[in-house]
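Residue numbers (this note's numbering), protein chains in the order written: chain A, 1 to 118; chain B, 1 to 109.
Because the hints were derived from the structure by calculation, they are not lab data. Incorrect hints may have been included.
[Unchecked claim] Cut-off 30 Å, straight-line C-alpha distance, at most; resulting in silico cross-link-like pairs (DSS-like, lysine-lysine):
#	chain 1	residue 1	chain 2	residue 2
1	B	68	B	101
2	B	96	A	96
3	A	27	B	42
4	A	44	A	62
5	B	96	A	71
6	A	27	B	1
7	B	68	A	71
8	A	44	B	96
9	B	101	A	96
10	B	1	A	106
11	A	62	B	68
12	B	1	A	71
13	B	42	A	51
14	A	44	B	68
15	A	62	B	1
16	A	51	B	1
17	B	68	A	27
18	A	27	B	96
19	B	101	A	44
20	B	68	A	51
21	B	104	A	71
22	B	104	B	68
23	A	51	B	96
24	B	1	B	68
25	B	96	B	1
26	B	96	A	62
27	A	71	A	96
28	B	101	A	62
29	A	106	A	44
30	A	71	A	51
31	A	106	B	104
32	B	101	A	71
33	A	44	B	104
34	B	42	A	62
35	B	104	A	51
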Amino acid sequence: NAGVMQNPRHLVRRRGQEARLRCSPMKGHSHVYWYRQLPEEGLKFMVYLQKENIIDESGMPKERFSAEFPKEGPSILRIQQVVRGDSAAYFCASHKTGGPSPPNEKLFFGSGTQLSVL
Amino acid sequence: KQEVTQIPAALSVPEGENLVLNCSFTDSAIYNLQWFRQDPGKGLTSLLLIQSSQREQTSGRLNASLDKSSGRSTLYIAASQPGDSATYLCAASSEKLVFGKGMKLTVNP
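Take these sequences, add in the hints, and give me the full structure.
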């Protein structure tokens with residue numbers, strides 16, 4: 001049973017390009033969180049999704065950032081027109097059951113995508 | 001707004017010591033308190049989850065306690081080993097899962 005899979009592990013983009021980060025949750029998990037981690041900082045919540053539904057996107061910048069979790073396929077975090085300040089590690093986490101946000105159960109994290117904007 | 005603090009930011013100890021890692025949070029209305037471990041370049045691994053109604057949880061050499069009234073949680077690591085070297089993060093679950101900045105632990109052989 002594979003864990004949470006994120007790809008790519010490393011992504012390099014030039015300013016103004018688009019970045020697409022993918023996350024496949026654990027088998028049987030239908031809820032996904034995205035977090036951003038800056039150096040020497042804790043993880044910051046970005047968005048919480050259920051399949052085909054955004055539950056909470058209050059942590060996501062209003063512009064350039066979007067997220068989706070389609071019925072089939074991985075969850076995608078999309079950053080348009082990237083800037084140097086977007087350079088960070090982006091982590092995805094999943095859990096199995098529904099319920100209040102956040103869940104009253106353990107989250108399982110992927111290994112993250114390190115985005116570097118040149 | 002929930003704020004989670006971990007002090008100190010880093011700790012270096014010789015192998016074999018019993019350790020205490022501290023976590024404080026400002027809003028006591030939490031669902032649970034979780035401790036995670038993060039190795040360099042890796043994601044987070046969940047270590048322990050303490051429900052708001054519980055006082056402590058144990059897993060092997062790890063024991064986590066929770067005192068909601070004082071807004072504190074403590075992670076005890078018994079007989080530390082070099083393999084315990086990592087960054088340890090606590091997270092308080094209220095409206096959101098809010099993380100502290102972590103404590104970088106180095107256990108020297």
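Here is how each hint holds up against the structure:
1. B:68 with B:101: holds, 20 Å
2. B:96 with A:96: The given pair, whose Cα atoms are some 17 Å apart, holds under the 30 Å limit.
3. A:27 with B:42: holds, 20 Å
4. A:44 with A:62: holds, 15 Å
5. B:96 with A:71: Roughly 25 Å between the alpha carbons, so the hint for residue 96 of chain B and residue 71 of chain A holds.
6. A:27 with B:1: Violated, because 33 Å separates the two Cα atoms, which is more than 30 Å.
7. B:68 with A:71: At roughly 39 Å apart (the allowed maximum being 30 Å), residue 71 of chain A and residue 68 of chain B break the hint.
8. A:44 with B:96: With Cα atoms ~10 Å apart, residue 44 of chain A and residue 96 of chain B stay inside 30 Å; holds.
9. B:101 with A:96: The given pair, whose Cα atoms are some 26 Å apart, holds under the 30 Å limit.
10. B:1 with A:106: holds, 22 Å
11. A:62 with B:68: violated, 34 Å
12. B:1 with A:71: violated, 33 Å
13. B:42 with A:51: holds, 26 Å
14. A:44 with B:68: Within the cut-off at roughly 22 Å; holds.
15. A:62 with B:1: holds, 20 Å
16. A:51 with B:1: Holds, at about 28 Å.
17. B:68 with A:27: Roughly 34 Å separates the two Cα atoms, so the pair is violated.
18. A:27 with B:96: holds, 24 Å
19. B:101 with A:44: Given pair residue 101 of chain B, residue 44 of chain A holds - Cα atoms ~10 Å apart, limit 30 Å.
20. B:68 with A:51: violated, 34 Å
21. B:104 with A:71: Since the Cα atoms of residue 104 of chain B and residue 71 of chain A sit roughly 39 Å apart, the hinted pair is violated (cutoff 30 Å).
22. B:104 with B:68: Roughly 24 Å separates the two Cα atoms, so the pair holds.
23. A:51 with B:96: Holds: residue 51 of chain A and residue 96 of chain B sit about 19 Å apart, inside 30 Å.
24. B:1 with B:68: holds, 16 Å
25. B:96 with B:1: The hint holds at about 10 Å.
26. B:96 with A:62: Between residue 96 of chain B and residue 62 of chain A the Cα gap is close to 18 Å, so the pair holds against 30 Å.
27. A:71 with A:96: Within the cut-off at roughly 15 Å; holds.
28. B:101 with A:62: Holds. Residue 101 of chain B to residue 62 of chain A sits at ~24 Å (cutoff 30 Å).
29. A:106 with A:44: Holds - the C-alpha atoms of residue 44 of chain A and residue 106 of chain A are around 17 Å apart, at most 30 Å.
30. A:71 with A:51: holds, 6 Å
31. A:106 with B:104: Given that 30 Å is the threshold and the Cα spacing comes to 22 Å, the pair holds.
32. B:101 with A:71: With a Cα-Cα distance of about 34 Å, the restraint between residue 101 of chain B and residue 71 of chain A is violated, given a limit of 30 Å.
33. A:44 with B:104: holds, 18 Å
34. B:42 with A:62: Since the Cα atoms of residue 42 of chain B and residue 62 of chain A sit roughly 28 Å apart, the hinted pair holds (cutoff 30 Å).
35. B:104 with A:51: violated, 35 Å
In this structure, the earlier hints numbered 6, 7, 11, 12, 17, 20, 21, 32 and 35 are contradicted, and the remaining ones agree with it.
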